[in-house]
Amino acid sequence: MLEKNNKCEINKGEKMINCIVTGVGGQGTVLASKLIAQSAMNKGMKVRTSETIGMSQRGGGVVSHVRIGNEIHSPLINLSSADVIIGFEPAEAVRYLPYLKELGTVIVANNPIKPVTDSLSDTNYNGADMIKYLKENVAHLFVLDAEAVFEKCGSTKILNTALLGVVAASGVLGFSLEDMEKSIHEKVREKFIHMNINALHFGAETYLKPNSKKCE
Amino acid sequence: MELLMGNQAIAMGAIRAGVGVVTGYPGTPSTEILETIAKKNPGNIYVEWSVNEKTALEVAAGAAYAGQRTMVTMKQVGMNVASDPLMSLAYIGVKGGMVIVVADDPGPISSQTEQDSRHFGVFAKLPVFDPSSPEEAYLMIGDAFEYSQKYHTPVLFRPTTRVCHAYATVEVDEKIYEVKPEGFVKDSKWVIFPRLSYNNHIKIEERQPKLSKDFSSYIYNNVTGTGKTGIATGGISYAYTREALSNIAGECKLFKVATPHPFPEELALEFLDGLEEVLVIEELDPVIEKELIFLCGKYNLNINIMGKLTKHIQNAGENTVESVTQAISKFLDIPAPKVKEIKDLPQLPIRPPVLCAGCPHRASFYAVKKAMKGIKAVFSGDIGCYTLGNAKPLEMVDTCLCMGAGITIAQGLHRVEPDTVNFAFVGDSTFFHTGIPGVINAVYNETDIVLIVLDNSTTAMTGNQPHPGTGRTMMGNVTEKIIISDVLKAVGVKHVVTINPFDLENAVLEVKAAAQFKGISAIVFKAPCIAVAPPAPLYVVDNEKCTGCKKCIKELGCPAIVKDNDKVKIDQALCYGCTLCENICPFHAIGGSNVGKK
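Top line first, the protein sequences correspond to chains A and B. Numbering-wise, my numbering puts 146 at position 121 of the first sequence, and it's gapless, one number per residue. Numbering-wise, my numbering puts 90 at position 53 of the second sequence, and it's gapless, one number per residue.
Incorrect hints may have been included.
Dumping the calculated DMTMM-like pairs for lysine to aspartate or glutamate here, alpha-carbon to alpha-carbon at most 25 Å [to be verified]: (1) B:K250 <-> B:D322; (2) B:K375 <-> A:E127; (3) B:K76 <-> A:E211; (4) B:K582 <-> A:D143; (5) A:K126 <-> B:D322; (6) B:K77 <-> A:E215; (7) B:K588 <-> B:E517; (8) B:K348 <-> B:E280; (9) B:K600 <-> A:E172; (10) B:K600 <-> A:D147; (11) A:K71 <-> B:E39.
Hints were generated in silico from the structure; no laboratory data involved. None of these values were measured; they are calculated from a predicted model.
When you get a sec, could you build the whole thing from the sequences and use the hints?
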């Protein structure tokens, strides 16, 4: 479980926040980073982000760097300086661990996406080793049960807002559920708003319900 | 305040500057500039995706002859295509402001080359602007128009990927600068002749030092700090340098170069004054570094200039905050902050980009592979999503060079090995871009190749832009579709067949027939990209019929088909119901969503 003392001070506007959002092309990482950025801007903060666009989007690993604060120059986060990694996929979360701060937070969905290279070889990637590694090596970790999200929300496209529900409920980025709801209303197309708000709340409930925290 | 991508900021800045005609050809990392212009068009901007970069530059030049403010957008390799009109236009000049945006791609992340477009400024003797952030790009593009108009010359605006695809909060100005084009005025100055070129060459050489002087007081060129050590940098490397200096609490003189050509000499001398050592931090080629070395020679300054030429900065790949921090910490002799050690990292799955599940290119490659089994054949590819056909298990791209080259490389290969069947794969947008002359060359010179046009009705790799075959323009008009098979027949290709590649059996037969045809033959594989196609019923595997032979995985490499213990399953989130796997399963275990569900 994520600890309360890990909450950031964004509301005071003094601290710089670095957040990595990572997954596989097509999972919706870009929208997640946009919603975080929008929430920061709604609080009057300046934002810099960097996105993976182009060839690597085709089933390749993708990453968004989201940086919040008034004295930031680079759109990319330094190694060992991300406060939070939001992983849409276990291996992709592990891949970006070098960016995580010593006592940083990882919020990760546990569904593996098997690349074609894995299907064609004898390696049997299933995500479990990655989750195990994260549990052993990350100070603050929350694992979201992706299957439960898909089942409850009836779509695989809302993993992003479900993860942001965890982000909001845990307070790691300093945004509340209301902040995220507002950003969803501002940034998501009308017909998908309802579905995304539901996923946001489901993600938050998963984090808050004591019996759901099986993944500590 | 708005969160804008660098490319959106460039577009918004150009709209603010009163641009009236915008042309370009899609190419990562430049594509979103023109798309944003089309989306945010206040109503009076003409915007088009041109057929290629040369065409785009010429259309924009014509509009600038008539006094309009014009902008052309392209990626760095696009500038190679546009370089013919660029070099001549540099001699002719323009009346309205004309900005050529050419996006470089250090890394390279999505490109064939790591070429440095600042050299095109040096080569053509044109001013170059190099923004270091989206917010700076938003304002700088307006300055680029001003300088262009003041000096009657096209100017280059050269962002790099990390500026193009970074987002930042930008203060957007609602006011739009008003341009009233005078119209074209007939004058011999618009007709390039040797005598005119000679005279204009003299004028250009006289202009260079004036521009250099002007740029020395340009707001985004600046010198800060004091001391005997200095760092010179520009573009995104400036942002990394600021970040690195703040990480290690380093202090030194800092020279930010926003106009690498003509080099702001006076400001550079002010920077060099009193220095003993300089570290130059830039990406791609040592352009600033060589300018400083030149000045040290010219003014007999005994300063040690370090950078790429001295191996203090890597000479390939992109810079990062980490690489810049390392270089600066050595240069200033301040220890770099410790980076956390990651131990015993588990084996991570390799995740190269692949053809999407449902991609019609997979079916096309598979049909050709099937048809050519046991026959000596070489498959020349081209630039687009279908370059990904090189990966296992298809392995159907043997060569890839540049836009349109597959068609002509195949012809060269065939001249040496006439007994090999030489295939050339080309996408629809690439066919229009630079493919057609190669086809005519094959017809004219009687070369026996098989042309495969992968027509997915869009420019897919760069994000589904319209092209001449789609019947849509960037102004939202419906226009006549140019039919590729008609073009092929019109230029003299005698054997032209259009077929849906998902009709696998017939597709294989048609490929065999085309391969046997003497002279250039062509097959147009027509099936829409999944991004523009209507959804179809998804496919599932019947577990009772599946024997676990994994033929579907081994032959297709579709990301939606994954191992499931000793059988396979289809990931419903990825499947597009393309039918290809159903067609190849020897046990009929794969079918539309009702198969396998009792």
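Evaluated hints:
no., hint, result
1, B:K250 <-> B:D322, "holds (24 Å)"
2, B:K375 <-> A:E127, "holds (11 Å)"
3, B:K76 <-> A:E211, "holds (18 Å)"
4, B:K582 <-> A:D143, "holds (23 Å)"
5, A:K126 <-> B:D322, "violated (34 Å)"
6, B:K77 <-> A:E215, "holds (20 Å)"
7, B:K588 <-> B:E517, "violated (43 Å)"
8, B:K348 <-> B:E280, "holds (22 Å)"
9, B:K600 <-> A:E172, "holds (18 Å)"
10, B:K600 <-> A:D147, "holds (10 Å)"
11, A:K71 <-> B:E39, "holds (10 Å)"
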